[in-house]
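Asker: Single-letter residue listing:
Number of protein chains: 2
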Amino acid sequence: MDVRMANRMRELKASEIREILKLTQRPGMISLAGGLPAAELFPVERVEDVTKQVLGEEGRHVLQYSPTEGDPRLRELIAGRMNARWGTSVGPDDILITSGSQQALDLSGKLFLDPGDAVLCESPTYLGAINAFKAYEPQFVEVKTDNDGMDITDLERSIAANPKVRLAYVIPDFQNPSGRSWSLERRRAFLDVMVRHAIPVVEDNPYGELRFEGEPLPPLKALDAHGLVIFLGTFSKIFCPGLRIAWLAAAPALREKYVMAKQGADLHSSSLGQRQIAVYLDRFDLDADIEILRQTYRRRRDVMLRTMEETFPSGISYTRPKGGLFLWVELPGDVNARDVLAHSLDQGVAFVPGGSFYPNGGHENTLRLNFSAMSEERIEEGIRRLGRVLGEVMAERAGTGRVEALAGS
Amino acid sequence: MDVRMANRMRELKASEIREILKLTQRPGMISLAGGLPAAELFPVERVEDVTKQVLGEEGRHVLQYSPTEGDPRLRELIAGRMNARWGTSVGPDDILITSGSQQALDLSGKLFLDPGDAVLCESPTYLGAINAFKAYEPQFVEVKTDNDGMDITDLERSIAANPKVRLAYVIPDFQNPSGRSWSLERRRAFLDVMVRHAIPVVEDNPYGELRFEGEPLPPLKALDAHGLVIFLGTFSKIFCPGLRIAWLAAAPALREKYVMAKQGADLHSSSLGQRQIAVYLDRFDLDADIEILRQTYRRRRDVMLRTMEETFPSGISYTRPKGGLFLWVELPGDVNARDVLAHSLDQGVAFVPGGSFYPNGGHENTLRLNFSAMSEERIEEGIRRLGRVLGEVMAERAGTGRVEALAGS
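For the record, the sequence lines run as chains A and B. Take 50 as the starting number for the first sequence in the working numbering and just add one per residue. Take 50 as the starting number for the second sequence in the working numbering and just add one per residue.
Everything labelled a hint here was simulated from the structure, so no lab data went into it. Please note that the accuracy of each hint is not assured.
All copies of an identical chain are treated as equivalent in the list; a pair is satisfied when it fits inside any one copy or across any two copies.
[To be verified] As a list, the in silico BS3-like pairs of lysine-lysine whose alpha-carbon atoms are at most 30 Å apart:
no. : residue 1 : residue 2
1   : K213      : K306
2   : K101      : K62
3   : K371      : K101
4   : K71       : K306
5   : K371      : K213
6   : K193      : K101
7   : K371      : K62
8   : K62       : K193
9   : K371      : K193
10  : K101      : K213
11  : K306      : K62
12  : K213      : K71
13  : K71       : K193
14  : K371      : K306
15  : K213      : K62
16  : K101      : K306
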């Protein structure tokens, strides 16, 4: 029997990435599509060890309901790590444990967005954030973004043109999907604008610790003197995603609103998962694990870029990220990455067409490549195949162009 | 810096239960307030055993991202259990794993409720559902409810008076907070009305398997020939809540909408938690565990009721639930349970005043008692103390009544 759904459901659709990921289950497929961390580097034995301890010493406690805010020791450890690493000055009471950063995105939409309100974002921006916010029926205002971050002139213009801007969503470090990072100057200038207009900022920082080269830059949260920035951190990319444990750091009054919203959303995150991570952090050196991730992903990025240089035809540009999991490719404006994907899947290589990362559409000539999930050998082979596909597409296009030119002459 | 919040945030407030539960941390407090399952009955050693196996055999898999729908084996086991126990005919593709039933409530609001829409509910109803739905700014239409379920005449009248009814939310088995269950006749009559008006029904069933006496009745889902019922089940009360693993069962087209909404809400529930439960169900006899819960909670209910009979003053009525975790007390109409709570906390006993369970307010003369979380000795002692407090309140009231009568004469 058909029933009436809420208006917001018109906007929601299944993620294109999820559909592509289903195709990557085919045997032999080289997937540069997802954003999976390297499972072969998960510290499985140490997690076993920690889990045995947690269940042995506090089994009843970790199988029971627990506070919405999250485990006190884990919040303390997270605050300490943030301050040591990023120069923030957050305390345990600024931290809320979330069920993945995806939940923090959903709660942010819930806190700040009425239907018709506007959310400022980079162009392109993270698909998961677009999907989370869409449930709250906002307009998306895409701000021009280059290799140094948001264009401040376009930002000012966008705010002037949109009186209903209620939230900004940004990923200043090794952005998904582009791999770009913001310069310090842009971070400061962006925050100045946000303060002037009292716009809260969700700073999504899943990749900040995965820097391969250069000096770390302070996150917006460390530069924020006005309590406007909600910092999202996660263990998914620096430890493992399967436990669904992430966090947000926000000024206490704002955090309290998030706590209330989370209470209605899932009461609390896994009690066991929180204690597993707290005890892991107490007993083991997560920073040493992260150093291995950094080295591994840097090598994979290098292989990807080197093979792209060797095999991609001319007329195609791409970013050279200094960290994170992704790089971003721009094809000539008249080439549709979805068509390229069809050919590429035939050759056993998957990627994500970039159009999905633009909430207002367009930019179908872009695509995202992931370099964290496959071995160097697979990446090299995948890029060689993709290079061949692109070579054919570009050759055919040149041919078609000639034919059209002839036809038009 | 103050920022503008979404309209819905005006409605959200911290749960009163959560505030009371903080008080129950005081040493020596006898808490009849929460809804915690008995932690001393959690099968901790078997969970340790299962967890060792899961991390040992599939560690990389359970620490990685996993599908939004949930683990295929767990969904298969849940469908099989539902069909065997409840006479439903659901398949694995009807099941979506959720992060607690609380998430299924939040997603239900997201799917069905626009601001100003109406949700039908029992009176009283579950506070966690009220809080979840409030984020979607509905009206709550409370339908008169007696010991056999919703009053069908009042239900028809309520629908006729409210053209914007878009959803019904009910707990037909051992309801939270009242402990009441619906008769078979009411279940059928209710569903007939829902079908006639094409109103989707969220059937929350966390307690159905915790029956102490009498024959099980079919859930609405088993009586539903039109795919209108979304059944919510959970491992929180029959296994343990700390892993945050629950499920919903809905017709495939509807389930697909829930999958999309969940994808935006938290991507997926804990991969490890799902596999822990699937392997537990494959290796151990959950039904035998549940039988122990049933016997334990029945004895605790019996002690609670017996002590209430012995110590409560006359003029106070209460339900005698045949299962679940809660019973419900009505004081004389002019006695405010929040005042009683203040006295009771002084005597080291906590409960939840009932007013919070009425979304439209009123009914401050009611309260909820939990009998699952404390030992029989503590329950007996707690009820004795509460009986004394109530005796004093009633005596004072009688005295005041006389004084007022004299003053007025």
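Asker: Each hint needs a verdict: does it hold in this structure or not?
Answerer: A quick look at each hint next to the structure:
In this assembly of identical chains, K213 and K306 lie within 30 Å of each other by CA distance both inside one copy and across copies; the values are 21 Å within and 29 Å between. When the C-alpha separation of K101 and K62 is checked against a cutoff of 30 Å, the pair qualifies neither within a copy, at 41 Å, nor between copies, at 38 Å. Taking the closest pair of Cα atoms, K371 and K101 never come within 30 Å of each other, the shortest separation being 38 Å inside a single copy and 38 Å across copies. Only between protomers do K71 and K306 lie at most 30 Å apart by alpha-carbon distance; the minimum there is 18 Å, versus 37 Å within a single protomer.
Taking the closest pair of Cα atoms, K371 and K213 never come within 30 Å of each other, the shortest separation being 35 Å inside a single copy and 53 Å across copies. Taking the closest pair of Cα atoms, K193 and K101 never come within 30 Å of each other, the shortest separation being 50 Å inside a single copy and 50 Å across copies. In the homo-oligomer, the alpha carbons of K371 and K62 never lie at most 30 Å apart, since the shortest distance is 33 Å inside one protomer and 43 Å across protomers. Taking the shortest Cα distances, K62 and K193 sit within 30 Å of each other inside one copy (25 Å), while across copies they are farther apart (38 Å).
Taking the shortest alpha-carbon separations for K371 and K193, only the intra-copy value of 21 Å comes in at or below 30 Å, while the best inter-copy value is 63 Å. Neither within a single protomer nor between protomers do K101 and K213 lie at most 30 Å apart by alpha-carbon distance, with minima of 51 Å and 52 Å respectively. Taking the shortest alpha-carbon separations for K306 and K62, both the intra-copy value of 28 Å and the inter-copy value of 8 Å come in at or below 30 Å. Proximity of K213 to K71 under the C-alpha cut-off of 30 Å is found in neither arrangement, the shortest distances being 38 Å within a copy and 39 Å between copies.
Taking CA atoms no more than 30 Å apart as the test, K71 paired with K193 passes in neither setting, with 32 Å inside one copy and 48 Å between copies. Taking the shortest Cα distances, K371 and K306 never come within 30 Å of each other, neither inside one copy (35 Å) nor across copies (38 Å). Taking the closest pair of Cα atoms, K213 and K62 come within 30 Å of each other both inside a single copy (25 Å) and across two copies (25 Å). Taking the shortest Cα distances, K101 and K306 never come within 30 Å of each other, neither inside one copy (35 Å) nor across copies (38 Å).
In the structure shown, a violation is registered for the earlier hints numbered 2, 3, 5, 6, 7, 10, 12, 13, 14 and 16, in ascending order.
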